[in-house]
Structure formats: C-alpha cells, structure tokens
Amino acid sequence: MFDIGFWELTVIAIVALLVVGPEELPTLARTTGRWINKARNFMGEMKDELESEVDRGRELKERIVEETKIAEAHRSLSETTRAVSAIKRDLNDVISGDVLKPIPKEERDRMAAAEADQTDQASGQIAESKSSLPPKDAASDDVVKK
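With the working numbering applied, the sequence shown closes on residue 146, and no number is skipped along the way.
No wet-lab data here; the hints were simulated from the structure.
Glycine is no exception: its CB is placed at the ideal position from the N, C-alpha and C atoms.
Among these hints, one or two may not hold up.
[To be verified] Using 20 Å as the maximum straight-line C-alpha spacing, the simulated EDC-like pairs for lysine to aspartate or glutamate come out as follows: (1) Lys38 with Glu23; (2) Lys105 with Asp90; (3) Lys69 with Glu79; (4) Lys61 with Glu72; (5) Lys61 with Glu45; (6) Lys105 with Asp117; (7) Lys47 with Glu66; (8) Lys61 with Glu49; (9) Lys69 with Glu53; (10) Lys38 with Asp55.
[Claimed, not checked] Simulated restraints, written as ranges between beta carbons of each label pair: (11) Ala71 with Ala113: 48 to 58 Å; (12) Asn92 with Ala114: 26 to 36 Å; (13) Ser78 with Phe42: 49 to 59 Å; (14) Arg82 with Pro104: 30 to 40 Å; (15) Thr119 with Lys69: 51 to 61 Å; (16) Glu51 with Ile87: 45 to 55 Å; (17) Ala83 with Glu62: 39 to 49 Å; (18) Trp7 with Phe42: 20 to 30 Å.
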C-alpha cells in the first residue's frame, strides 16, 4: 500500500525507539496496531459499500434496459393496432358500400371523353410510326423465304 521496504521499516523503528524510549515503545506499537486495524476495517467496509452501490447501479441499468424494451414493444403494438384499425375501417367502408358508390353521369362522360382522346392520340402515334418505316421490298422477302 505505502510501498515501504525492510530498510525503511528499520529506520522508522530506530527513530521511534529514540523518540519514545524503550518503556513506551510496546504501548505505542499496540496503539499503532489498533489504528492500522481500524483503518483496514474501515477500508473493507467502504469497499463493501461501494461494491453494493455498484451492484445496485447494475440492477438499475438492467431494469431501465428492460423497461425500454417493454416501451418499444408497447409502441410497436400500438402502431400495429392503429394499422389494423385503419384496415378494418377501410374494409368496413368497402362492405358498407361507401367506396363503391356509383360515379355520377357527368363524371362518367368526362372520363369517357378523356379516354377517347387518349385512344385517338395513341392510334395517331401508331400510324405515324408505321409511315416512318421503310417500304417493304421484294429483296427482303426473298431473304426471309430462303
């Protein structure tokens, strides 16, 4: 702990013997031993408390992770429930006929006219593309027949 070697301890013992004297040295050694023992016990208790707090912190972290997973699952379930409800609502609309209401006559006429215009444009484009093709000649027919 303090990284004190043999020679350092010897010097400390000689200084203590000179300062305190031989009569008081055993009492000083016992008192010092008690203080060292109390310090070790205190450090052991502090270590145990610290480990206990670290364990509580780990448990709290695990609980938070579990609650986060539960919250995510709950959110996912809520989203799925909303999606299913929307599909159910759409199906109920189809079944009740709200979606398949007849189209008004004016709307049908407008749609038919637009479709006819598109058909006319498409047939015009086809006719133009046929006229832009080179004429079919007899030589190409001979190659195909052989």
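We went through each hint and held it up to the structure:
1. For a cut-off of 20 Å, the pair hint linking Lys38 to Glu23 is broken: about 25 Å separates their Cα positions.
2. Distance check on the hinted pair: Lys105 and Asp90 sit about 25 Å apart at the alpha-carbon level, beyond 20 Å; violated.
3. At most 20 Å may separate the alpha-carbon atoms for a hinted pair to count; Lys69 and Glu79 meet this at roughly 15 Å.
4. Proximity of Lys61 to Glu72 is assessed by CA-CA distance (about 16 Å); at most 20 Å being required, the pair is judged to hold.
5. Restraint check: the Cα-Cα separation between Lys61 and Glu45 comes to about 24 Å, which exceeds 20 Å; the hinted pair is violated.
6. Under the criterion of a C-alpha separation no larger than 20 Å, the hint pairing Lys105 with Asp117 is consistent with the structure, at around 18 Å.
7. Of the pairs offered as hints, the one joining Lys47 and Glu66 is violated, with about 29 Å between alpha carbons and a cut-off of 20 Å exceeded.
8. Our distance criterion of 20 Å between C-alpha atoms is met by Lys61 and Glu49, whose separation comes to about 18 Å.
9. For the hint linking Lys69 to Glu53, the alpha-carbon distance of about 24 Å lies beyond 20 Å, and the restraint is violated.
10. Note on Lys38 and Asp55: the hinted pairing is violated, with a Cα-Cα distance of about 26 Å set against a maximum of 20 Å.
11. Distance hint for Ala71 and Ala113: a CB-CB separation of about 56 Å, consistent with the stated range 48 to 58 Å.
12. Take Asn92 and Ala114: their Cβ atoms lie about 32 Å apart, and the range 26 to 36 Å holds.
13. At roughly 53 Å, the beta-carbon separation of Ser78 and Phe42 lies within the given 49 to 59 Å, and the hint holds.
14. For the hinted restraint 30 to 40 Å between Arg82 and Pro104, the CB-CB distance of approximately 33 Å keeps it satisfied.
15. Distance hint for Thr119 and Lys69: a CB-CB separation of about 59 Å, consistent with the stated range 51 to 61 Å.
16. For Glu51 and Ile87, the hinted distance range of 45 to 55 Å is satisfied, since their beta carbons lie about 54 Å from each other.
17. A hinted range of 39 to 49 Å for the beta carbons of Ala83 and Glu62 is inconsistent with their spacing of about 32 Å.
18. As the Cβ distance of Trp7 to Phe42 is approximately 29 Å, the hint placing it in 20 to 30 Å holds.
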